[in-house]
Structure formats: C-alpha cells, structure tokens
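K.L.:
If you're matching them up, the sequences are chains A and B in order.
Residue numbers are given in my numbering: position 32 of the first sequence equals residue 32, and the series is strictly consecutive.
Residue numbers are given in my numbering: position 44 of the second sequence equals residue 44, and the series is strictly consecutive.
Keep in mind that the hints were calculated from the coordinates and are not lab data.
Possibly wrong hints are sitting among the right ones.
[Unchecked claim] Per label pair, the in silico range of CB-to-CB distance:
1. A/Q114 x B/G146: 48 to 56 Å
2. A/L141 x B/T118: 54 to 62 Å
3. A/I212 x B/Q141: 43 to 51 Å
4. A/I163 x B/E398: 25 to 33 Å
5. A/K169 x B/E398: 42 to 50 Å
6. A/E122 x B/Q141: 43 to 51 Å
7. B/E123 x A/E171: 55 to 63 Å
8. B/P296 x A/P126: 49 to 57 Å
9. B/Q141 x A/D166: 56 to 64 Å
10. A/K313 x B/P323: 23 to 31 Å
11. B/Q141 x A/R338: 57 to 65 Å
12. A/R338 x B/L214: 50 to 58 Å
13. A/G143 x B/P323: 47 to 55 Å
14. B/R453 x A/L125: 19 to 27 Å
In this text, a Cβ means the ideal position worked out from N, Cα and C, and glycines have one as well.
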Amino acid sequence: MLWSIGLNIGEAFTEIVAHSSEQEHFQRWNLLSKPLLTGIHEFLKKHGCLEIESFRISTSLGLHFKEKNLGTPAAFLVTRGFEEWLTIEALRTADWSSDTFLPYIDQDLVFPIQERIAASGEIILPLNLKEIGPVVDRLKLLGVQRVVVGLLHSPANFEHEKILSDFLKQEGFEVFAGSNSKTSDLHPRSEDDEKARWVSLLEEAYLKPAFIEYFESFFQDPLFQRLASEDKVFFIDENGFSQKWPEIKFGQSVWTEPRLLQQLAGDNGACYFGLERWYGYFPVMGESWSECRRLQHTPASILLPIQPSQVLKENVWGLPMSSTQASGYLPGPICLGRGNQLMPVDLMYLRGYLDNVSGFEIKNHKKVMSKVVEALQLLMPGKSQQRHDSQTASEEVLLSLLQNLTPMWKLNRPIHFLGPLAPAMYQVLKNTSISTHLQLDTDSSFWLGKSLIPEYLGDLK
Amino acid sequence: MKDFDFSKFKMGIHNTLICNSACSISTDENQLLALRNKTIVDIGTLPQAAWLSHQYLNLGDGDLVLLNDPYSGNSHLHSMTIVVGFKSPLKVGRGQKSNSTNYLLSHRFWFKPRVFLTESIEEEGVRIPPTPLYHQGQFNQQLLDGVAAHPLCPPGFAERVQSEAKKVQSNVQSLGPVFEHFDLSDANLRAYLRSSKKRFQSLLEQFQSREIQLEHQFTDDTMLKLRIAVTSGCITFDFSGTESSNSIALTDGATLSACLHSLLQILPEETPINSGLLQGINVITPTNSTVSAKYPKPVFLGFTEGVQWLSHFVHHGLSQLNPEQPLSAESSTTQGSFEIQFQSGSVFFENILSGLGATQESPGISGHTWENRLDLNPCIEKVEKMYPIRYQSISIRERSGGQGLFGGGDGIAKYIEILQPSILKWRSFEPSVRPQGADGGQAGAAFEFYLVRGEQKIPLLENSEFKLGVGDKIALLSSGGGGYGKPSSS
Chain A
1 MLWSIGLNIG EAFTEIVAHS SEQEHFQRWN LLSKPLLTGI HEFLKKHGCL
51 EIESFRISTS LGLHFKEKNL GTPAAFLVTR GFEEWLTIEA LRTADWSSDT
101 FLPYIDQDLV FPIQERIAAS GEIILPLNLK EIGPVVDRLK LLGVQRVVVG
151 LLHSPANFEH EKILSDFLKQ EGFEVFAGSN SKTSDLHPRS EDDEKARWVS
201 LLEEAYLKPA FIEYFESFFQ DPLFQRLASE DKVFFIDENG FSQKWPEIKF
251 GQSVWTEPRL LQQLAGDNGA CYFGLERWYG YFPVMGESWS ECRRLQHTPA
301 SILLPIQPSQ VLKENVWGLP MSSTQASGYL PGPICLGRGN QLMPVDLMYL
351 RGYLDNVSGF EIKNHKKVMS KVVEALQLLM PGKSQQRHDS QTASEEVLLS
401 LLQNLTPMWK LNRPIHFLGP LAPAMYQVLK NTSISTHLQL DTDSSFWLGK
451 SLIPEYLGDL K
Chain B
1 MKDFDFSKFK MGIHNTLICN SACSISTDEN QLLALRNKTI VDIGTLPQAA
51 WLSHQYLNLG DGDLVLLNDP YSGNSHLHSM TIVVGFKSPL KVGRGQKSNS
101 TNYLLSHRFW FKPRVFLTES IEEEGVRIPP TPLYHQGQFN QQLLDGVAAH
151 PLCPPGFAER VQSEAKKVQS NVQSLGPVFE HFDLSDANLR AYLRSSKKRF
201 QSLLEQFQSR EIQLEHQFTD DTMLKLRIAV TSGCITFDFS GTESSNSIAL
251 TDGATLSACL HSLLQILPEE TPINSGLLQG INVITPTNST VSAKYPKPVF
301 LGFTEGVQWL SHFVHHGLSQ LNPEQPLSAE SSTTQGSFEI QFQSGSVFFE
351 NILSGLGATQ ESPGISGHTW ENRLDLNPCI EKVEKMYPIR YQSISIRERS
401 GGQGLFGGGD GIAKYIEILQ PSILKWRSFE PSVRPQGADG GQAGAAFEFY
451 LVRGEQKIPL LENSEFKLGV GDKIALLSSG GGGYGKPSSS
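Produce the entire structure from the sequences given, and follow the hints as far as they go.
P.N.:
The structure is reproduced here in structure tokens:
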C-alpha cells in the first residue's frame with residue numbers, strides 16, 4: 001500500500017497524518033514527551049506505512065527561531081547608499097511593543113557595494129570586482145560564512161548580482177541572492193520590491209543554521225536519506241511551494257501555519273490554538289487585517305491579539321490584560337515550569353481545561369498549581385483572595401481576555417476551532433453567548449497536517 | 001439589569017475599530033462612544049464630521065455621507081470621511097421607526113497629498129461638503145462623477161470611495177454583535193460615559209498647579225497665547241489673545257485635537273476617548289485666530305505640521321502644571337512635505353520623518369513618529385520605475401539627535417537626483433527651529449532642505465517652488481530629536 005505522509009512540526013506539539021487509498025491514521029504528541037524522529041518511526045511502524053509515496057513537512061519553527069533570536073545574522077552586501085534602508089523602514093513601521101526587531105540584520109556586517117542599475121536595467125555605475133577584495137578580506141577576518149547580496153533593480157538586470165554572487169562563491173562563501181533563482185521563488189510579489197526581496201534573503205540566511213541544527217538527525221536518518229534520494233520528501237513553504245528535501249529555503253516557512261489555516265478555513269473563519277501560538281483567519285475582515293508585517297508580504301491569517309504565552313498585567317481599569325511580551329513557547333507559562341509570570345495557558349491549566357489535552361502532562365502538579373495561584377493572586381490581589389476563589393478568578397480573567405475576540409468570532413459564519421488546545425478553548429467558551437458561532441473540529445479532517453497530503457492540498461498545489 | 005462591564009465594552013468596541021485606519025462611533029445625539037485615530041487631527045474632527053453630517057442631512061439607517069471639507073469636520077482636503085448612520089440591533093423591533101438611526105460611524109481614509117502654495121483652500125484641492133453618497137438604497141453616482149471631473153480630484157477617486165464605502169458597510173455589520181453582546185441600552189450607555197467622566201476627573205487631580213500661561217511668537221511675529229487652567233473636574237485651554245498667523249491655520253476641531261492629544265500623552269495608555277472625557281475639556285479659541293481659522297484659509301500645512309507643533313506646545317504647558325510628570329525632549333514637527341511635478345503631468349510626493357525626542361527613561365527613536373503615518377516611503381524600485389528620479393542614498397542622519405543622558409533620535413537623510421525637467425514645490429512650518437532638549441539635554445539638529453546644482457548648494461527653507469533641471473539633486477535632512485538629561489562627561 002502506498003502512503004502519503006503529512007507532518008506539521010510545532011514548537012511543542014507535532015502532528016502526523018498517514019493517508020492511503022484505503023486508510024487514514026493520525027497522531028499528535030508533545031515533543032517534550034517524545035523526540036520527533038522517535039515519534040515518526042513509531043507511528044509509521046504502528047500503522048505499517050512501509051511504502052511511502054510522499055512525505056510532506058511544514059513547520060512553525062521559523063517564527064519561533066526568529067522571535068527568540070535563535071538564528072545567526074549573515075553579512076549583507078548592498079548597493080552603496082542604501083546600507084541602512086531596511087533599518088530605516090523597520091524604525092518607521094516598527095511596533096515598539098514587540099521584542100523582536102530585525103534580528104537578521106547586524107549593522108556591523110553590512111557592506112556597501114559601489115554599483116548602480118537604473119529602473120530600466122541600464123547599468124549606471126559598473127560593478128568593479130577589484131573593489132570587492134577588501135570587503136572579502138574583512139568578511140574572512142570576521143569569520144563570516146554566509147553572505148546576502150541585495151542590489152537595487154536586480155530583477156531588471158541580474159548581471160551585477162550574478163557576477164558578485166559567483167565571485168563570493170569562488171571565495172568560499174555561501175551566497176543568498178535573488179539572481180540565484182527566479183524572483184518568483186522568493187515571493188510572487190517581490191519583483192520591484194527590494195525590501196521584500198532583501199528581507200526574504202536575509203531571513204533565509206539568518207534561519208538556515210538553526211534549521212540545519214534542528215533537522216540534523218533527519219539528514220542522517222536512513223529513512224529520510226532514502227526518501228530524499230528518491231525525491232519523495234517535500235517541505236511546504238508559506239507561498240504554497242513544495243520544496244524538495246534537503247535543498248530548502250527554510251526562511252520561507254515562517255508563515256506556513258497561517259497559510260495552511262487559511263486553506264482549511266475556505267469561506268469560513270478558523271482559529272488555530274497551539275500551545276505556543278494562536279492564529280485566526282477571518283475572511284470577511286478585509287485586506288487591512290492581512291498585513292502582519294509591512295516589510296514583507298504575509299498570508300491573510302493573523303496572530304490573534306491574545307496569545308497563549310503572553311504575560312498578563314493589570315490595565316487602568318484594574319483588570320487583567322495581556323501584554324505583547326513573550327509570545328511563544330519560551331520562556332513560556334508557569335505551568336510548564338518555564339517562567340514565573342502568569343500567562344493565559346496558566347489560567348486554562350488552573351481551571352482544569354488542559355487536563356484532557358493529549359500530551360499535556362504536568363509533573364509536580366501540586367507545587368506547580370500553588371505557583372500559578374500565587375501569580376494570580378499577585379495580579380488580582382483583591383479578587384482572587386476575597387471575593388472569589390482562584391479558580392473562579394482565573395475563569396473570569398480568561399473570559400475577559402477572550403472577550404477581545406468577540407467581534408471577530410461573531411461574523412455570521414462558522415468559526416472552526418483547530419489545534420491541540422482547541423477542545424480546551426471550546427470548553428472555556430461553550431457556556432457563553434459566543435459559542436453558537438463556533439465549531440469545534442476535533443476530528444482529524446481539520447488537522448493542519450492533513451492539509452499537507454496531496455489529495456487535500458487544494459490551492460497549495 | 002445585567003452588570004455592564006465598561007472595560008469589556010471599551011475593548012470590544014476598540015477591537016472592532018482596529019480594522020479601520022481611523023474612525024469614531026457616536027450616537028445621533030452627539031455622544032462620542034469610541035474613537036480610533038491615525039493622525040492627531042482625527043481626534044477632534046472625526047466626531048465633528050459625524051455630527052455635522054447628521055445635522056445637515058438627518059441620516060437614516062444605512063445612509064452614507066461623503067465629505068472632505070475641513071470646515072465641516074474633516075481633516076485636510078486629501079483625506080475623505082464617510083459617515084454612516086445605523087440602527088442599534090438592540091432597538092430593532094422595539095417600537096423604533098424603521099428608518100431612524102441611532103448611531104453614527106465616521107471612517108477616514110487618505111489620498112496622496114499635493115503641495116499647493118496658495119492663499120485659499122479652494123486651490124488646495126476639490127472641496128466636498130457633507131453630501132449623500134448612499135441614500136435609501138440609491139448610490140449617488142452623480143456625486144462621484146462630478147468630483148472625478150474636477151481638475152484637482154485625486155486619481156482613482158471614484159473607485160477608492162466605492163471600495164471604502166463597502167468597507168464601512170461591512171464594519172457596521174461587525175459592530176452589531178458587539179452592541180448585542182454588551183446590551184448597549186441607553187441606561188448602560190449613560191453609565192459608561194458617567195464612569196469615563198468620573199475617571200477623567202480623578203486623573204485631573206494629579207496636576208499640582210492649577211493654572212499656567214504660555215506665549216509663543218511665530219516667525220511672522222504673530223503671537224499665540226495659551227492659558228491652561230484646571231478647576232474641579234475640568235481643564236480649560238484658553239487661547240484668548242492669539243492672533244491670526246500667516247504660517248498656519250487650524251480649525252476649532254484641529255485645535256481641540258491638539259489639546260486632547262497632548263493631554264492623552266500624560267494620561268494612562270488605556271484612557272478611552274469618549275464624551276465622558278470630552279465633558280471635562282473646555283477649549284476657548286478667538287474667532288479668526290490661527291487656532292480658529294475660518295473659510296477660505298488653506299489648512300494643509302496647519303493640519304499636518306501645525307497641529308503637531310501645537311500639540312507639543314500644549315504638552316509643554318501641561319508638563320509645567322505637573323512637575324512630577326517628566327517632560328520629554330522635543331521632536332521636530334516639520335515633515336518636509338514636497339512634490340515634484342514632471343512635464344508628463346505625473347506628481348511625486350514625499351515627506352520625511354524626524355528623530356523623536358528622548359524621554360526620562362529612554363533615548364529617542366530615529367526616523368519615527370507616533371502621530372502621523374501617511375504610509376509613504378514605498379519601495380525605491382517602484383518609485384524609480386514610476387517617476388524620473390533616482391535615489392542617491394537614504395541613510396540615518398548621523399549625530400543629528402541632541403546629546404544627553406539619553407540622546408535624541410537621529411533624523412533621516414535622503415538625496416534624490418532629478419532625471420527630467422520638473423517643478424519642485426514644498427511647504428514646511430518653521431523648519432529652522434531646533435527641537436529642544438529637556439533637563440539639560442541638547443537640542444537636535446534643525447531640518448535642512450537644499451538643492452545641489454553643479455557646484456552650487458542652494459538652501460530651500462522658505463516655502464516656495466523651484467524649477468529643476470536634469471542632474472539637479474535635492475537633499476532632505478530631517479531634524480534630530482532633543483536629548484534628555486545632561487550628557488555624561490565621558
């Protein structure tokens with residue numbers, strides 16, 4: 001029997017789907033309890049998936065690496081006069097509440113290149129490779145291995161970028177440049193948009209080492225080596241492209257999860273509740289909701305204003321609100337033993353909503369619970385000690401936070417709830433007036449992993 | 001009656017409004033419920049646009065009105081406001097007339113601005129007083145066609161208005177659930193506004209002094225006078241004695257915006273802007289003065305740079321009323337708006353952001369503004385394809401921020417080469433003024449705008465226009481922000 005496998009790797013949970021003409025199998029597990037490769041092999045063995053036709057992988061790890069500054073900035077060689085252009089744009093548009101700020105640019109590794117091409121493609125100032133020598137010497141002195149090349153109007157005339165890239169490759173550098181491939185490989189809309197093009201390349205160069213390290217065991221695994229040699233392993237990126245393993249542009253996977261969510265939602269809305277991130281797709285909200293970032297083009301899904309690992313604080317009304325701090329799995333909620341500040345996931349834990357979430361196991365339950373209660377009492381000293389017990393208070397805070405999403409959820413269309421925490425979230429809301437608009441998709445047909453199976457790829461093909 | 005949760009209501013409304021760039025919701029009795037602004041001017045003018053439109057045209061449920069007249073509550077002529085009347089879903093079927101309206105939503109959007117050197121608003125662009133756009137199910141195509149035929153009508157006007165009208169209608173739909181969810185009865189509404197008023201009054205108690213007087217002399221020698229007085233539960237901004245200036249013209253709505261904006265700077269972040277708060281604010285403006293200009297004074301410069309300047313001026317006064325409130329160093333209000341008109345008829349418009357002043361807690365940010373985002377700065381490659389210009393460089397203007405314990409943010413430096421004969425026009429308000437530092441911090445560098453023609457360097461600081469030839473280069477160097485605190489000796 002021939003199997004198609006879909007694997008969606010999150011920071012905490014991984015889900016795998018095996019599909020054949022006769023059967024389908026699904027599994028989701030917490031990576032803390034079982035390593036990724038072990039889980040995959042166990043799953044394949046259990047269901048007898050011996051003959052694999054295609055193995056498709058998606059992941060949200062890119063966003064995690066970026067948010068937590070786990071990548072390594074590359075050198076950036078850019079047309080002289082525009083060394084600070086991306087930084088200026090980031091300063092102009094930055095959301096100052098965000099912790100991450102262009103982690104992929106190290107201004108000390110930005111080098112101007114004397115050359116200029118006009119919008120028409122005409123060469124105004126020719127590139128002189130002799131002038132590149134000192135730059136190369138400096139890069140070698142600094143131990144730089146990866147170099148991004150960003151020259152203005154390279155889509156109109158690739159000549160300079162190609163000459164420079166070839167030269168740098170000969171000097172032993174790994175080069176990331178738009179002229180290495182068709183512009184459409186970067187992003188369909190990156191032509192005539194140097195910002196999107198350069199950011200895509202910088203992001204790719206920044207994230208690649210972290211991805212290589214993460215997938216090191218994959219590269220050495222005999223199964224994946226065999227499948228890769230037979231061109232059967234694919235990496236699905238945010239543009240919907242299937243990239244062949246192991247030649248992958250990892251940087252373009254940053255927004256793959258919301259892209260898959262959008263595909264699953266179709267004409268309806270959808271929310272994905274992972275342990276590390278909550279996404280939403282609301283088709284009737286219009287275009288203005290689609291821009292997650294301005295430097296790059298992003299899918300129409302958005303990160304919800306409430307995130308599972310946002311630190312809670314008090315607003316001017318004396319009520320809890322979520323800050324934009326610490327979104328993601330690290331440092332993470334108290335209940336996972338990863339932090340000391342109260343987060344929405346802690347409230348769900350305290351209230352018992354996470355008891356039945358598969359793979360969510362808490363060691364030292366009693367100790368962790370008292371730590372969470374303590375943090376809640378610090379946040380709401382009056383409410384959690386005098387008027388309410390901690391469980392009622394946590395419910396109140398949780399509902400108050402989720403109230404922020406009311407307008408999005410009441411759109412006269414069903415909103416599908418997906419992801420490992422979806423059943424818990426649905427339980428939180430089922431007794432509220434919002435619940436009539438929500439549809440809990442516990443069955444596997446709404447797993448992100450399933451959207452990777454060729455039969456369901458739809459628009460992603 | 002179910003307990004009404006003000007915090008949740010505010011959040012619910014606010015999150016619904018997030019999908020708009022700038023909008024307000026008020027009742028048909030001119031009670032402002034919520035507002036989301038994009039520029040300073042929106043704060044005072046969005047509710048005004050809604051109220052005046054309703055007064056003029058008595059909006060029914062679903063009626064849409066279009067306006068861009070600054071003297072009817074709009075911002076400058078390159079922005080447009082659509083006002084829609086809608087019925088609360090709570091009142092449907094409760095004996096209300098089917099066509100009556102209960103609420104007004106104002107929605108503002110922007111076209112690419114133009115720079116005109118003119119003495120009359122009529123020459124700044126096409127002026128649209130509140131005019132029905134959609135009435136009793138009929139779309140007013142004649143209005144769109146008529147405006148589109150005007151020589152100063154912005155390109156793509158009709159298509160954009162239609163698209164924004166659809167957006168507004170969709171937003172009204174998404175508000176329905178919020179109103180339903182919060183059971184927005186009249187009693188709850190009054191309680192919400194009362195609560196906001198009470199909260200604002202308690203916040204006013206932080207001011208240690210009760211009154212302060214300020215004066216400023218513009219470069220054209222006219223005077224601006226301001227008395228800020230805090231009485232029980234009310235703050236008054238009295239501009240009596242202020243003269244009419246040739247530099248800038250602000251309407252009453254714009255002046256209210258500047259006062260309110262500076263007040264909000266020192267209030268907690270979550271303070272809602274609604275009628276409860278507005279009841280505690282009194283702004284007195286002498287008719288025909290620079291802070292209460294009347295038709296036909298042109299307003300573009302006043303509504304872009306003047307209002308920012310006034311907001312900083314008021315903020316300075318408020319900080320003196322409350323010495324415990326740390327005074328931030330100044331940021332430049334000059335945007336350096338300019339346009340280059342080519343023989344083909346195409347017009348390139350640009351402005352430039354300055355560095356922010358430092359605060360007691362942190363350095364200023366380079367090339368950033370909190371107050372006015374026109375979302376310009378498109379891609380270099382796109383601009384160079386569309387217009388016969390070539391950027392020579394765009395960089396951070398080094399050391400332009402004032403020194404201090406915390407340094408002011410640096411300005412931006414742009415150099416642009418002209419590839420076809422063209423006409424340059426620019427306007428800026430007091431560009432040579434340096435943003436001052438605070439608490440011993442030094443001033444930031446002043447704005448610089450000049451032309452390089454061969455060996456010549458021609459300063460372009462006065463508002464004017466200039467013929468450009470092929471090979472001319474224009475340089476814009478925006479101001480740095482002021483520094484905060486004495487620089488360390490090291």
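K.L.:
Against each hint, give a clear statement of whether it holds in the structure.
P.N.:
Status of the hints after comparison with the structure:
| no. | hint | result |
| --- | --- | --- |
| 1 | A/Q114 x B/G146: 48 to 56 Å | holds (54 Å) |
| 2 | A/L141 x B/T118: 54 to 62 Å | holds (58 Å) |
| 3 | A/I212 x B/Q141: 43 to 51 Å | violated (59 Å) |
| 4 | A/I163 x B/E398: 25 to 33 Å | holds (31 Å) |
| 5 | A/K169 x B/E398: 42 to 50 Å | violated (34 Å) |
| 6 | A/E122 x B/Q141: 43 to 51 Å | holds (45 Å) |
| 7 | B/E123 x A/E171: 55 to 63 Å | holds (60 Å) |
| 8 | B/P296 x A/P126: 49 to 57 Å | holds (55 Å) |
| 9 | B/Q141 x A/D166: 56 to 64 Å | holds (58 Å) |
| 10 | A/K313 x B/P323: 23 to 31 Å | holds (28 Å) |
| 11 | B/Q141 x A/R338: 57 to 65 Å | holds (60 Å) |
| 12 | A/R338 x B/L214: 50 to 58 Å | holds (52 Å) |
| 13 | A/G143 x B/P323: 47 to 55 Å | holds (53 Å) |
| 14 | B/R453 x A/L125: 19 to 27 Å | holds (21 Å) |
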